[in-house]
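Participant: Protein chains in written order, with the numbering used here: chain A, 1 to 376; chain B, 1 to 376.
To be clear, the hints were calculated from the coordinates, so they are not data collected in a lab. Please note: incorrect hints may appear among the correct ones.
Stated by the list, open to error - Here are the simulated SDA-like pairs of lysine to any residue, each with C-alpha atoms no more than 25 Å apart in a straight line:
| id | chain 1 | residue 1 | chain 2 | residue 2 |
| --- | --- | --- | --- | --- |
| 1 | B | K337 | B | D268 |
| 2 | A | K295 | B | T222 |
| 3 | B | K345 | A | P147 |
| 4 | B | K190 | A | E348 |
| 5 | A | K295 | A | E348 |
| 6 | A | K337 | B | R322 |
| 7 | B | K146 | A | E348 |
| 8 | A | K292 | A | I74 |
| 9 | B | K158 | B | N87 |
| 10 | B | K146 | B | T222 |
| 11 | B | K295 | A | D354 |
| 12 | B | K238 | B | T222 |
| 13 | B | K192 | B | K295 |
| 14 | B | K353 | A | N320 |
| 15 | A | K345 | B | K192 |
| 16 | B | K345 | A | K292 |
Stated by the list, open to error - Here are some chain B residues pointing at chain A (derived, C-beta under 7 Å):
| id | residue |
| --- | --- |
| 17 | F24 |
| 18 | V64 |
| 19 | I66 |
| 20 | R68 |
| 21 | F133 |
| 22 | A321 |
| 23 | V325 |
| 24 | G331 |
| 25 | K337 |
| 26 | L342 |
| 27 | I343 |
| 28 | K345 |
| 29 | E348 |
| 30 | A357 |
Claimed, not checked - Derived CB-CB ranges, DEER-like:
| id | chain 1 | residue 1 | chain 2 | residue 2 | range |
| --- | --- | --- | --- | --- | --- |
| 31 | A | N299 | B | E291 | 31 to 39 Å |
| 32 | A | D310 | B | E77 | 26 to 34 Å |
| 33 | A | E77 | B | S294 | 42 to 50 Å |
| 34 | B | S294 | A | E191 | 45 to 53 Å |
| 35 | A | D310 | B | Q297 | 55 to 63 Å |
| 36 | A | R195 | B | V12 | 55 to 63 Å |
| 37 | B | G73 | A | A84 | 39 to 47 Å |
| 38 | A | N299 | B | P250 | 34 to 42 Å |
Glycine included, C-beta positions come from ideal geometry on N, C-alpha and C.
There are 2 protein chains.
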Amino acid sequence: MANHVVIMAGGVGSRFWPLSTPQFPKQFIDILGCGRTLIQLTVDRFSGICPPENFWVVTNRSYVSIVREQIPGIPSEHILAEPAARNTAPCIAWACWSIRQEDPDANVVVTPADAVVMNTPEFQRVIKGALEFTAGHNNIVTIGIKPNRPETGYGYVKMEPKGTVLFGPISKKEPNRTVPFGPFRVEAFKEKPSREVAQQYLEDGNYLWNAGIFVWNVQTITDSLSKYKPQLASEIEKMVATAAIDEIFPQCEKISIDYAVMEPAAADGKVYTCPADFGWSDLGNWQSLHEKLSKDQDNNAAVGNVYFYDSTNCVVHAENARKVVVQGLDGYIVSEKNGQILICKRSEEQRIKDFSAEKEPKGTVLFGPKTENGAK
Amino acid sequence: MANHVVIMAGGVGSRFWPLSTPQFPKQFIDILGCGRTLIQLTVDRFSGICPPENFWVVTNRSYVSIVREQIPGIPSEHILAEPAARNTAPCIAWACWSIRQEDPDANVVVTPADAVVMNTPEFQRVIKGALEFTAGHNNIVTIGIKPNRPETGYGYVKMEPKGTVLFGPISKKEPNRTVPFGPFRVEAFKEKPSREVAQQYLEDGNYLWNAGIFVWNVQTITDSLSKYKPQLASEIEKMVATAAIDEIFPQCEKISIDYAVMEPAAADGKVYTCPADFGWSDLGNWQSLHEKLSKDQDNNAAVGNVYFYDSTNCVVHAENARKVVVQGLDGYIVSEKNGQILICKRSEEQRIKDFSAEKEPKGTVLFGPKTENGAK
C-alpha cells in the first residue's frame with residue numbers, strides 16, 4: 001500500500017513581517033537559518049516514508065512557482081493551486097480525491113507546511129506507526145502532541161483513558177520514549193481553552209495538542225467526507241473528474257476539516273490519536289522561534305551575521321543583511337528582509353501585523369533636514 | 001580678482017558606520033537626506049561666489065571617481081589626488097601653488113567638505129566680506145563661528161577686543177545680524193579647551209570656534225608657507241612644477257595648517273577673523289546630526305522611510321531601506337546602508353568605530369537552529 005503525503009501550504013499571515021509577507025509567506029522561508037525553508041524541512045521529514053512522486057501540495061495559485069522552485073522533485077500535477085482559500089476541508093478533499101484517482105489504495109498523511117519538528121527519528125517512528133494502523137483499519141488518526149505547557153493557542157484532542165496513561169518511559173527497550181504507544185481512541189476535540197482549562201488538561205494527562213497532522217487511507221477520508229459533508233464531497237468529486245476548478249472550488253463551503261469530519265467522526269468513535277513527543281512547534285510567533293533557535297549566554301537568538309553587545313533576550317532574523325550590530329537591547333525583535341527593517345519589543349509582537357500594514361502609519365515619516373540647502 | 005574655492009575632502013572615519021565607511025566617507029553621503037551630499041552642499045554654498053571651473057578638491061586618490069561623479073562641473077586637473085594623507089598644510093600648499101600657477105592674482109577660500117551651514121545667505125555675506133578684505137590686504141582670514149555652547153571638541157580663535165564686542169543686532173539696517181562686522185585681528189589660536197575653559201571662552205565673548213574655513217589671496221598663503229615652512233614650501237613648489245606627486249608628496253612633513261602657518265602668522269599679527277553665525281556644524285557625530293535634522297513631537301529625527309511607534313529621542317538614517325519600523329526605543333541610533341545595520345544607544349556612539357571593525361566581534365555570531373533538520 002503506497003504512502004502519499006499532502007502538504008497544506010496555503011497560509012498567508014504577516015506575524016513575521018518583514019521576514020514573511022503575503023507575497024512570500026512563512027512556509028517558504030528559511031526561518032530557522034538552516035539552509036532549508038519550512039516546506040522543504042517538511043518534505044525532508046518524510047524521507048524514507050514517501051517517495052518524491054507521491055507528495056502533494058495544496059497552496060494558493062500565487063505560490064505555485066515558489067513551490068515548484070523549492071520542491072523540484074514533485075510532479076507538477078500534484079501541485080493543487082487554489083483559486084481561493086476555502087479552509088482545510090475543501091483543500092484536503094481536493095487532495096484526497098485526486099490521490100484516489102491515481103491510487104485507490106493509497107495511505108495518506110496530511111501535514112501543514114509551516115510546523116517544525118526537532119526530533120525527526122521520533123517523528124518518523126510515530127508516523128510509520130500511524131500508517132501501519134490506517135493501512136489495516138478504516139479509521140482516522142490525528143497526531144496528538146504531548147503538551148509541555150498550558151498552551152491556550154492550540155486546540156486539544158482528548159484520548160479515551162486506557163487505565164492510567166503514563167507520559168514517561170514505557171519499556172526498557174525504548175528508554176527514550178516519553179509517550180505511550182497508540183493509537184488511542186479520541187473521545188473528543190476541544191477548542192482553544194482558557195488558561196485554567198489548559199492547566200487542567202496538562203495535569204489530566206489525556207489531553208494532547210491537535211497538530212493538524214492527519215493519517216488515513218484514501219478510502220476512509222473520502223467515505224467520511226461523503227458521509228459527513230455529502231454536498232462538499234460531491235462537488236469536489238465532480239471537480240476532480242471534470243477539472244473545473246475555477247467554477248467549483250470557490251463555491252465550496254468554507255469549513256475546517258475539524259468541523260467537517262473530525263468532530264462527527266470522533267462522535268462515531270472512528271478517530272484515533274498517536275501520542276507524540278518529537279519537539280513539534282507550529283512556529284506561530286517570534287516567541288516560539290526564539291525557543292527553537294539556539295541561544296547565546298545572554299539568551300539572544302539570531303539568524304544571520306549578527307553581533308550582540310550589551311544585549312539580552314533578543315531574537316534577530318536578518319535574511320539579507322551582510323552585518324547587523326545590536327547594542328543595548330533587552331527583549332527585542334529585530335527582523336530584516338529585502339530592505340525592510342523591524343525593531344520591536346518582544347512583548348509587542350502582536351502589533352507587528354499593524355506595523356506591516358501599507359496604510360498611513362501611526363508612526364512618523366520624516367524626510368531630511370530643516371536647512372535651506374536641504375529644502376526639497 | 002578671481003575667486004577660487006579649495007575643498008578639503010580627504011576625510012575617512014567610521015563614526016557614522018554603516019552610513020559612512022573608509023570606502024565611502026561622510027563627505028560623499030547625503031547625510032541630511034536632502035538629495036545632495038555634503039560635498040555637493042559645500043559646492044552649492046559658493047554659488048555666485050566662485051564659478052564651477054574655479055573649484056579645487058583635494059582628496060585621497062581612492063575618492064577621485066566619487067568626486068568626478070558628484071561634482072561633474074569641476075575640471076579634472078582641479079582634483080588633486082593625494083597618494084597619502086599628510087594633514088592639512090601639504091594639502092593646502094599643493095592646492096594654492098596649483099592655483100597660483102593658473103592665476104597668480106587668485107583670491108582663495110579653503111573649506112572642509114563635510115561641514116553643514118544652515119543659513120547660506122549669511123554664509124555668503126561673511127565670505128564675500130572676507131574676500132573683499134583679502135583682495136586688498138596680504139593678511140589671512142579664518143572664519144570664526146559664534147559659539148552657542150561651551151564646546152570642548154573644537155579649537156578656538158581669540159579676537160583682539162575692539163572695545164566691547166557685542167553679539168547681537170549691530171545696526172538697524174541689518175536687524176538679523178547677531179555678530180559684529182569684522183574682520184578683527186586674531187590674538188591667538190587655542191587648542192580644544194577643558195569644559196571650564198570653554199565656559200570662560202563662551203562668557204568672554206571674544207572667542208570663536210575655529211571652523212577650518214580660511215580666506216586669503218594666493219600670494220599671501222604661498223608667501224606665508226615659504227616664510228614659516230620653507231622646506232615644505234619648496235618641496236610643494238617643485239612638486240607642482242614637475243608633477244612628481246608620488247615622489248614628493250608622501251615625503252612632505254605631516255602637519256596641520258594651524259601649526260604650520262596660522263599660529264606663527266597670528267603671532268606676527270597677520271591673521272584676522274570674521275565673526276560668523278550661519279548655523280555651522282562639522283557634523284562630527286550622531287549628536288550633531290540629530291540636532292540638525294527636523295524632529296517629530298517625540299524628538300525623533302529620521303532620514304528615510306521611517307515609522308516610529310512608542311519611541312523618543314531617536315535618530316534614524318536608513319539610506320537604502322524601503323521601510324523601517326522602530327517601536328519602543330528611547331535614545332537610540334538606527335543606521336542602515338548597503339545591507340549593514342546598526343542599532344546602538346546614543347550614549348554609546350563613541351563605540352561605533354569598534355562595532356564597525358572587521359576583526360572578530362566582541363559580540364556573538366549565531367547561525368541557525370539546534371534542530372536535527374537544521375544541522376548544517
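Participant: Does the alpha-carbon distance linking B:K337 and B:D268 stay inside the 25 Å limit?
Facilitator: violated (48 Å)
Participant: Tell me if the straight-line CA distance from B:K345 to A:K292 falls inside 25 Å.
Facilitator: violated (28 Å)
Participant: Within 55 to 63 Å or not, the Cβ separation of A:D310 and B:Q297?
Facilitator: violated (29 Å)
Participant: Taking only the CA atoms, is the gap from A:K295 to B:T222 under or equal to 25 Å?
Facilitator: violated (63 Å)
Participant: Classify the hint on B:I343 as holds or violated, based on whether any CB of chain A lies nearer than 7 Å to its CB.
Facilitator: holds (5 Å)
Participant: Kindly confirm whether 39 to 47 Å is satisfied by the beta carbon distance between B:G73 and A:A84.
Facilitator: This hint is violated: roughly 59 Å between Cβ atoms.
Participant: Below or equal to 25 Å on CA atoms is what counts here, so check A:K292 against A:I74.
Facilitator: Outside the cut-off at roughly 28 Å; violated.
Participant: So, as I understand it, the hint says B:L342 touches chain A; can you test that by seeing if any CB pair is closer than 7 Å?
Facilitator: holds (5 Å)
Participant: Does the Cβ-Cβ separation between B:S294 and A:E191 fall within 45 to 53 Å?
Facilitator: For B:S294 and A:E191 the Cβ distance comes to about 51 Å; the hint holds.
Participant: Holds or violated: is there a CB of chain A closer than 7 Å to the CB of B:K337?
Facilitator: Result: violated, 10 Å to nearest chain A Cβ.
Participant: Compare the distance between the alpha carbons of A:K337 and B:R322 with 25 Å, and conclude whether the hinted pair is satisfied.
Facilitator: Status holds; Cα separation ~10 Å.
Participant: Under 7 Å is the threshold here; is the Cβ of B:A321 close enough to any Cβ of chain A for the hint to stand?
Facilitator: Holds, about 5 Å.
Checked against the numbered hints above, the structure violates hints 1, 2, 3, 4, 7, 8, 10, 13, 15, 16, 17, 18, 19, 20, 21, 24, 25, 30, 32, 33, 35, 37 and 38; every other hint is satisfied.
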